[in-house]
Amino acid sequence: MGNEWQASREWKDISTKWRLVPAGLRSSRPEDPFAQGWLAMETGDLARAQTLFEEACRVRGDGNDYVALGDVAVARRDWATAESQFQRALLVAPLSILAILGLALVRAALGQAETAVAELDVLARTRKGDPVIGYYLAVALLARTVEVRTETGDGRLLIGDVKQLEQCEDLARRVAVSGTDDAELLAAARSLLEEVRSGREWIWTAPRNAGFLGGVAGLFGVVPIIVGGLLGSWPLVVAGEVIGAAAIFYAVYTYRRQRWQLRALSR
12 MGNEWQASRE WKDISTKWRL VPAGLRSSRP EDPFAQGWLA METGDLARAQ
62 TLFEEACRVR GDGNDYVALG DVAVARRDWA TAESQFQRAL LVAPLSILAI
112 LGLALVRAAL GQAETAVAEL DVLARTRKGD PVIGYYLAVA LLARTVEVRT
162 ETGDGRLLIG DVKQLEQCED LARRVAVSGT DDAELLAAAR SLLEEVRSGR
212 EWIWTAPRNA GFLGGVAGLF GVVPIIVGGL LGSWPLVVAG EVIGAAAIFY
262 AVYTYRRQRW QLRALSR
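The sequence shown lines up with residues 12 to 278 when you count with our numbering.
A couple of the hints might just be wrong.
Label pairs and their calculated CB-CB ranges [said to hold, decoys possible]:
hint: 1; residue 1: LEU197; residue 2: GLU158; range: 16 to 24 angstroms
hint: 2; residue 1: LEU197; residue 2: THR163; range: 21 to 29 angstroms
hint: 3; residue 1: PRO142; residue 2: LEU50; range: 19 to 27 angstroms
hint: 4; residue 1: THR137; residue 2: GLU212; range: 37 to 45 angstroms
hint: 5; residue 1: ARG211; residue 2: GLN17; range: 37 to 45 angstroms
hint: 6; residue 1: ARG71; residue 2: ALA34; range: 14 to 22 angstroms
These are computed hints drawn from the structure, not numbers from a lab.
Glycine included, each C-beta is placed from N, C-alpha and C at the ideal position.
With the sequences and hints as input, model every part of the structure.
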């Protein structure tokens with residue numbers, strides 16, 4: 012189970028921030044319940060890990076003990092419990108970066124990604140280029156892209172208006188420069204940027220109708236201009252220009268759309 016567990020997104024959400032703590036500090040005292048709990052966590056034995064981390068909190072109760080207990084809740088996607096434990100960690104250790112990162116992850120999961128991004132931006136400025144901070148910032152940014160998009164009745168996410176299109180582009184670009192080295196997060200950002208690029212493409216929704224109107228513009232627009240020119244009738248020339256321009260405008264206004272608009276209308 013260990014390999015499968017350690018390849019999961021849940022494990023990455025938990026373990027990435029612990030890269031800030033030297034591995035030796037987690038296992039320097041094998042008899043320590045925290046060290047034993049961490050070994051259990053690495054294998055995916057959450058029940059044993061929880062018991063051992065709870066013992067560590069009773070015996071020692073430092074910030075990392077509560078963060079680890081919160082991580083058990085993160086693994087179970089029990090966000091309320093995770094938030095409570097990370098808050099307790101901050102009471103014990105107000106400057107705990109691990110607890111701050113844990114709380115940011117919780118906020119991103121609970122629909123408060125904008126707050127998480129703002130908090131992580133502050134942290135990222137103090138630790139420029141740190142891939143650990145970058146990971147959680149990327150998670151929060153991608154969570155924000157979910158919040159700003161429109162959800163269809165069957166659970167699909169669509170870009171529903173120009174503002175959403177611009178927000179998604181900005182957020183996805185920020186993921187790309189967040190500093191994360193996580194391939195899945197970077198791939199998700201690239202995929203969203205491609206959706207934005209594709210969504211900006213202009214297409215004809217009814218090419219035949221547009222072609223017909225083009226013919227109308229040619230027949231009732233160009234012909235009067237030619238005839239008016241030959242006859243020296245400027246009113247006829249002006250009428251042809253107006254008719255042709257009106258037909259072209261109507262064709263573009265009625266039958267030309269950006270791809271994101273068609274996707275939104277299909278929901």
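For each hint, the structure was consulted:
1. LEU197 / GLU158: 16 to 24 angstroms: Given about 20 angstroms between the Cβ atoms, the range holds.
2. LEU197 / THR163: 21 to 29 angstroms: holds (26 angstroms)
3. PRO142 / LEU50: 19 to 27 angstroms: holds (25 angstroms)
4. THR137 / GLU212: 37 to 45 angstroms: Holds: the Cβ-Cβ distance is about 40 angstroms, inside 37 to 45 angstroms.
5. ARG211 / GLN17: 37 to 45 angstroms: holds (39 angstroms)
6. ARG71 / ALA34: 14 to 22 angstroms: Between ARG71 and ALA34, where Cβ atoms are some 19 angstroms apart, the hint holds.
The earlier numbered hints are all upheld by this structure, with none contradicted.
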